[in-house]
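Assemble the whole structure, with the sequences as input and the hints as a guide.
FYI, the numbering for the first sequence is 1168 to 1629, going by the numbering used here.
Careful, some of the hints might be misleading.
[Stated by the list, open to error] No more than 25 Å apart at the CA atoms, straight line, and that leaves these computed lysine to any residue pairs for SDA-like: (1) K1252 - G1305; (2) K1324 - I1468; (3) K1177 - I1468; (4) K1223 - Y1503; (5) K1289 - N1339; (6) K1571 - A1594; (7) K1239 - Y1222; (8) K1182 - Y1225; (9) K1169 - D1520; (10) K1273 - V1561; (11) K1612 - T1624; (12) K1628 - N1413; (13) K1268 - K1571; (14) K1380 - N1187; (15) K1625 - S1487; (16) K1414 - T1347; (17) K1625 - L1610.
Calculated from the structure, these hints are not laboratory results. This one's a predicted model, so the numbers in the text were calculated from it and none came from an experiment.
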Amino acid sequence: MKIYNTLTKKKEEFKPIEANKVKMYACGPTVYNYFHIGNARPFVFFDVVRNYFEYKGYQVTYAQNITDIDDKIINKAIEDNSSFKQIAKKYIAAFQEDTEKLGIRKPDFQPKASEVIGEIIKLIKDLENKGFAYEVKGDVYFSVESFKDYGMLSGKKIDDQKAGARVEANTNKRHPADFTLWKKAKPDEPTWNSPWGQGRPGWHSECVVLSQKYLQCQSFDIHGGGVDLVFPHHENENAQAQALSNKPLANYWMHNGFINIEGEKMSKSLNNFFTARDILKEYNAEAIRFFFLSKHYRSPIDFNRSIMQESDTAVKNFYSALKSINFTSRDEEVNYSDRFEGKKTEFITAMDDDFNTAKALSVMFDLAKTIKSTKENEENRKQAANLLVELGSVLGFFQDLAAKLSNDLGDLSSKLLSILIDIRNSAKENKNWALSDKIRDELLKEGIQLLDTKDGTKWEKK
RNA sequence: GGCGACAUCGCCAAGUGGUAAGGCAGAGGUCUGCAAAAUCUCCAUCCCCAGUUCGAAUCUGGGUGUCGCCUCCA
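Shown next as structure tokens:
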């Protein structure tokens, strides 16, 4: 399979470091707020990456950090008149809740930055000892000039950057591009003891420490995150790791594109900021997942109401197909005919090509069509349904299949419904259209759709 | 100013040298009391210009446009 690697700016054949194993790390949330729809994209996408590798038979180890020490958290604590620990605790819980609702599986490891302060200090100390870092008045900086490959990931040459163009130049730094590894304590901030006095770590070290610790290696297979992290975050992570080990932190760097809102960048000043939590109130998790996967992960994607509506309809399509043949659960032992093996191959070929999920989805639509088609024989429709669920599951759909397919209303409701259907049918026989339509319309309002088929009146939950 | 990405039907979106997948929306026919569902049919020459080639949405050059990064934003 091929993966686009930010490091080489090419699609490359994926070769794991250890045969049949994938070690991957994706940057997690900074817990100072509910995460927004833009944060959700990489969470969902790397969940799919993980699933797909497992589907291909790899043993995957997936780690993701939680940044619980950061300026933004401290600021939020001041704003809310709370403590930084309480803020972190609150939003970690919210993060867990929302990702679960989105159907994202928990990574194998999900450590917090605060758990590894000792190891972060050791990393910085090692960098200092080897001449890659220097201390100025209690702050420690990484010296970009000491690491000759600085810029290898982002393609930036440090001398091209306009120092201080957008941020005030820090006069303590030897070079404007030098970044902070350790910050001297300020009043009312959480601090830890260190060789440089009281302080706290900068943002870029935690991911180095956590990834290497939990993936148990200096250099692992895949590192992921949003494109905005390429520079400076990932560049700086890599610089620290490679300065010490002479190897890149990861072999493949994958970056997802941004989400725009109605064509504009999402930002607080434009007030077009949507949290995943809010969107989940309006649309179900699978519609959100479909929205993300309907476009290639590296492309920017526009979020708006009509596209969410379409995504919702599209997902319902899969379910109505499955309902049309009373599909209940997947048969894992099924032997697909050549025709469906071919469909499966199409799906795999699409996914092997740098996770072309949009194309993979078209295979699913194709299967849905086969399932619904009255021209197909029973066996083909069954196989198509089975394969639809198999492939859809790789993309994270159909997690509550049984519940979604169930038409179970409970005893009394079922009886009442069949009484209503009987009354309606009598009304129809008497050509009392007003009454029969009223029953149909009222039931639809309650989410029950009646279908007058040749085999009598059927119904399904909308 | 530096670096980079993208431009395909009303909307979303595949396609990476061989004559434009798919989804949503829409139009018409069949079916239906009417709907829904099902079913059949219809619906683009790919931002512009030039070039390479037997052949280009796909390669090259030049435009135009949109967007991103260059700040501890996914």
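- Query: Holds or violated: K1625 with L1610, Cα cutoff 25 Å?
  - Reply: The hint holds at about 13 Å.
- Item | Hint consistency between K1252 and G1305 [alpha-carbon to alpha-carbon, up to 25 Å] | With Cα atoms ~24 Å apart, K1252 and G1305 stay inside 25 Å; holds.
- Starting from K1268, check that the Cα of K1571 is at most 25 Å away, please. Between K1268 and K1571 the Cα gap is close to 15 Å, so the pair holds against 25 Å.
- Does the alpha-carbon distance linking K1414 and T1347 stay inside the 25 Å limit? It holds: about 22 Å lies between the C-alpha atoms, which stays within 25 Å.
- Does the alpha-carbon distance linking K1239 and Y1222 stay inside the 25 Å limit? Violated, at roughly 38 Å.
- Are the Cα positions of K1273 and V1561 separated by 25 Å at most? Cα-Cα ~15 Å, so holds.
- Message: For a C-alpha distance cap of 25 Å, please report whether K1177 and I1468 respect it.
- Response: Between K1177 and I1468 the Cα gap is close to 21 Å, so the pair holds against 25 Å.
- Regarding the pair K1324 and I1468, is the alpha-carbon distance no greater than 25 Å? 29 Å, violated
- Item | Distance restraint between K1223 and Y1503, which requires alpha-carbon spacing of 25 Å or less | 17 Å, holds
- Query: Does K1182 pair with Y1225 here, judged by a C-alpha cut-off of 25 Å?
  - Reply: 12 Å, holds
- Task: Could you grab the alpha-carbon distance between K1380 and N1187 and see if it respects the 25 Å cut-off?
- Result: Distance ~21 Å between K1380 and N1187 Cα, so the pair holds.
- Query: Taken at face value, is the distance from the CA of T1624 to the CA of K1612 at most 25 Å?
  - Reply: Holds. K1612 to T1624 sits at ~18 Å (cutoff 25 Å).
Violated hints for the displayed structure, listed by number in ascending order: 2, 6, 7 and 12.
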